[in-house]
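Engineer: So the protein lines, in turn, are chains B and G.
For the first sequence, position 147 (counting from the first letter as 1) is numbered 147 according to my numbering, and the numbering increases by one without interruption.
For the second sequence, position 22 (counting from the first letter as 1) is numbered 258 according to my numbering, and the numbering increases by one without interruption.
Treat the hints as calculated values from the structure; they're not laboratory data.
One or more of the hints may lead you astray.
To be verified - Taking lysine to any residue pairs in the SDA-like style, the calculated list, with each CA pair at most 20 Å apart, reads: (1) B:K176 with B:P31; (2) G:K276 with G:R356; (3) G:K276 with B:A55; (4) G:K276 with B:K176; (5) G:K276 with G:Q349; (6) G:K276 with B:R149; (7) G:K276 with G:W370; (8) G:K276 with G:G398; (9) G:K276 with G:G412; (10) G:K276 with B:P71; (11) B:K176 with B:V209.
As the list claims (entries may be wrong) - Covered, in the sense of this in silico footprint (three residues per stretch, anywhere, with C-beta under 8 Å from a C-beta of chain G), are these stretches of chain B: (12) 56-65; (13) 89-99.
To be verified - Simulated DEER-style distance windows between Cβ atoms: (14) B:E178 with G:V256: 19 to 29 Å; (15) B:R126 with G:G368: 22 to 32 Å; (16) B:Q51 with G:R371: 53 to 63 Å; (17) B:R149 with G:G368: 13 to 23 Å; (18) B:R126 with G:A445: 55 to 65 Å; (19) G:P264 with B:R50: 49 to 59 Å; (20) G:R319 with B:R149: 19 to 29 Å; (21) G:A249 with B:P101: 46 to 56 Å; (22) G:V256 with B:R125: 31 to 41 Å; (23) G:G368 with B:D205: 31 to 41 Å; (24) B:V68 with G:L292: 23 to 33 Å; (25) G:A438 with B:P71: 17 to 27 Å; (26) G:A374 with B:A219: 34 to 44 Å.
Please read these numbers as outputs of a predicted model, since none were measured by experiment.
All C-beta atoms in this analysis are idealised placements derived from N, C-alpha and C, irrespective of residue type, glycine included.
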Amino acid sequence: MIELSLRHAFADLELDVGFRSDARVLALFGPSGAGKTSVLNAIAGLLAPRQGRIAIDGTVLLDSARGVRVPTARRRIGYVFQDGRLFPHLNVRGNLLYGAPRRGRAAGEFAAIVDLLGLGALLARRPHHLSGGERQRVAIGRALLAEPRALLLDEPLSGLHAEARAQVLAHLGRLKRELGVFTLLVTHHADEVGALADEVVRLADGHVVRQLPVAEFLAERAAATADGPPPPRAAL
Amino acid sequence: MALLAADEWQALALSLRVAVLAVAGAAPFALALAWLLSRKRFRGRMLLEALLFLPLILPPVVTGYALLALLGRHAPLGELLGRFGIVVAFRWTGAVVAAAVMGFPLLVLSVRQAFDHVDRRLEAAAETLGAGAWRRFATITLPLSARGIAAGAVLAFARAFGEFGATISFVSNIPGETRTLPIAIYELLNVPGGMPGVRRLALVSLVVAFAASAAATRLAGGAARRRGRED
Numbered sequence: 001m002i003e004l005s006l007r008h009a010f011a012d013l014e015l016d017v018g019f020r021s022d023a024r025v026l027a028l029f030g031p032s033g034a035g036k037t038s039v040l041n042a043i044a045g046l047l048a049p050r051q052g053r054i055a056i057d058g059t060v061l062l063d064s065a066r067g068v069r070v071p072t073a074r075r076r077i078g079y080v081f082q083d084g085r086l087f088p089h090l091n092v093r094g095n096l097l098y099g100a101p102r103r104g105r106a107a108g109e110f111a112a113i114v115d116l117l118g119l120g121a122l123l124a125r126r127p128h129h130l131s132g133g134e135r136q137r138v139a140i141g142r143a144l145l146a147e148p149r150a151l152l153l154d155e156p157l158s159g160l161h162a163e164a165r166a167q168v169l170a171h172l173g174r175l176k177r178e179l180g181v182f183t184l185l186v187t188h189h190a191d192e193v194g195a196l197a198d199e200v201v202r203l204a205d206g207h208v209v210r211q212l213p214v215a216e217f218l219a220e221r222a223a224a225t226a227d228g229p230p231p232p233r234a235a236l
Numbered sequence: 237m238a239l240l241a242a243d244e245w246q247a248l249a250l251s252l253r254v255a256v257l258a259v260a261g262a263a264p265f266a267l268a269l270a271w272l273l274s275r276k277r278f279r280g281r282m283l284l285e286a287l288l289f290l291p292l293i294l295p296p297v298v299t300g301y302a303l304l305a306l307l308g309r310h311a312p313l314g315e316l317l318g319r320f321g322i323v324v325a326f327r328w329t330g331a332v333v334a335a336a337v338m339g340f341p342l343l344v345l346s347v348r349q350a351f352d353h354v355d356r357r358l359e360a361a362a363e364t365l366g367a368g369a370w371r372r373f374a375t376i377t378l379p380l381s382a383r384g385i386a387a388g389a390v391l392a393f394a395r396a397f398g399e400f401g402a403t404i405s406f407v408s409n410i411p412g413e414t415r416t417l418p419i420a421i422y423e424l425l426n427v428p429g430g431m432p433g434v435r436r437l438a439l440v441s442l443v444v445a446f447a448a449s450a451a452a453t454r455l456a457g458g459a460a461r462r463r464g465r466e467d
């Protein structure tokens with residue numbers, strides 16, 4: 001379960017967001033500039049909001065009123081960045097194991113994640129020898145092997161061609177079924193929401209517009225499409 | 237006929253030893269200062285940068301005099317170190333200190349540039365994976381700056397190898413102790429019949445300088461190519 005409230009002023013955006021959810025996969029849906037990535041950065045600890053409280057499954061990561069701010073390195077948040085951010089000087093194996101705790105059982109988990117994401121043939125390769133889809137799968141595996149309490153996916157399919165997109169989406173679906181890690185998915189594509197999310201928080205201009213179950217979200221989208229011209233992909 | 241006379245070999249060996257130890261001794265401080273200048277904003281930063289450039293701008297003889305005023309046997313710091321048995325003035329170790337001071341700005345500038353070029357987002361990614369500040373530095377920042385650091389080390393080595401003014405002011409010209417290659421050349425220039433020796437040592441200097449320059453160019457070129465590929 002996630003409980004989040006944030007207030008922060010950027011030069012071009014006043015962020016004032018609050019929600020709580022028990023969903024296994026929660027989508028943050030909204031157009032570019034709505035503040036979605038800032039919410040993820042605050043959860044990961046890469047952004048220190050002016051005010052806020054963030055708790056995941058009862059563990060408080062941030063509580064500005066009480067002066068609590070768990071350092072990023074100790075938050076155990078698996079963050080899959082939009083651009084992958086694989087370490088260019090390490091091969092796939094080195095990237096995958098970077099955040100893995102040094103325990104005996106890590107070996108079994110490593111094999112399971114490599115299998116789940118289909119990375120077996122790529123382990124010795126450097127990131128610049130991977131396709132876009134392969135890079136994202138490695139980034140997802142790297143985040144998962146750090147044993148996160150939550151997985152943050154920031155537009156994980158953007159910049160991928162149709163085939164790679166379908167492939168990564170299929171892998172994310174498997175992860176959801178088999179691992180059960182709480183996941184926060186940032187996207188402005190409704191089809192990704194439909195494929196992965198249980199619940200949706202719609203953001204616009206730094207504020208929560210609505211929070212609704214995915215079935216309702218998809219029904220609204222379908223009705224809007226049937227009633228008039230299809231909305232642009234990024235529209236709310 | 238031997239390539240070099242015994243005292244000329246001695247001067248060459250001393251210069252190589254001094255230059256290598258100067259770079260090795262300066263490296264940890266240079267890495268720390270370069271990281272500070274690349275990653276942190278703090279009061280007095282401009283003053284620190286101005287101080288850093290001083291050995292590049294001051295006449296080397298003045299830097300040597302400053303070292304003597306600071307580390308000489310009767311200078312405050314020199315006297316303090318002397319109580320612990322550490323004496324550097326007029327010793328070959330003093331030549332290492334002088335060479336380190338002269339090469340330090342070049343090393344810091346190169347390393348800082350290399351640190352500046354490391355993608356900070358990769359360090360943030362490492363942080364989300366549980367890496368603390370030291371681990372991020374050792375496993376991300378340092379390896380991704382390796383070529384730039386190596387290029388800086390070669391430049392500092394070359395500067396230290398050719399050091400003359402600060403060295404002769406600080407540790408004088410003592411055969412077998414502080415007579416480095418440039419000082420040996422200077423000595424030979426001032427004695428009758430010294431020209432053949434000057435030519436031999438000048439040729440040796442040329443070879444070392446050329447090797448260092450080629451290494452620095454190769455390393456810096458490699459770093460630029462790597463950056464281009466990562467962009």
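Engineer: Determine for every hint whether it applies to the structure shown.
Structural biologist: The hints, checked one at a time:
no.	hint	in the structure
1	B:K176 with B:P31	violated, 25 Å
2	G:K276 with G:R356	holds, 13 Å
3	G:K276 with B:A55	violated, 30 Å
4	G:K276 with B:K176	violated, 41 Å
5	G:K276 with G:Q349	holds, 14 Å
6	G:K276 with B:R149	violated, 31 Å
7	G:K276 with G:W370	holds, 15 Å
8	G:K276 with G:G398	violated, 33 Å
9	G:K276 with G:G412	violated, 44 Å
10	G:K276 with B:P71	holds, 18 Å
11	B:K176 with B:V209	violated, 26 Å
12	56-65	violated (count 0)
13	89-99	holds (count 3)
14	B:E178 with G:V256: 19 to 29 Å	violated, 56 Å
15	B:R126 with G:G368: 22 to 32 Å	holds, 25 Å
16	B:Q51 with G:R371: 53 to 63 Å	violated, 31 Å
17	B:R149 with G:G368: 13 to 23 Å	holds, 18 Å
18	B:R126 with G:A445: 55 to 65 Å	violated, 35 Å
19	G:P264 with B:R50: 49 to 59 Å	violated, 39 Å
20	G:R319 with B:R149: 19 to 29 Å	violated, 56 Å
21	G:A249 with B:P101: 46 to 56 Å	holds, 50 Å
22	G:V256 with B:R125: 31 to 41 Å	holds, 37 Å
23	G:G368 with B:D205: 31 to 41 Å	holds, 36 Å
24	B:V68 with G:L292: 23 to 33 Å	violated, 47 Å
25	G:A438 with B:P71: 17 to 27 Å	violated, 57 Å
26	G:A374 with B:A219: 34 to 44 Å	violated, 52 Å
Hints 1, 3, 4, 6, 8, 9, 11, 12, 14, 16, 18, 19, 20, 24, 25, 26 from the earlier list are contradicted by this structure; the remaining hints agree with it.
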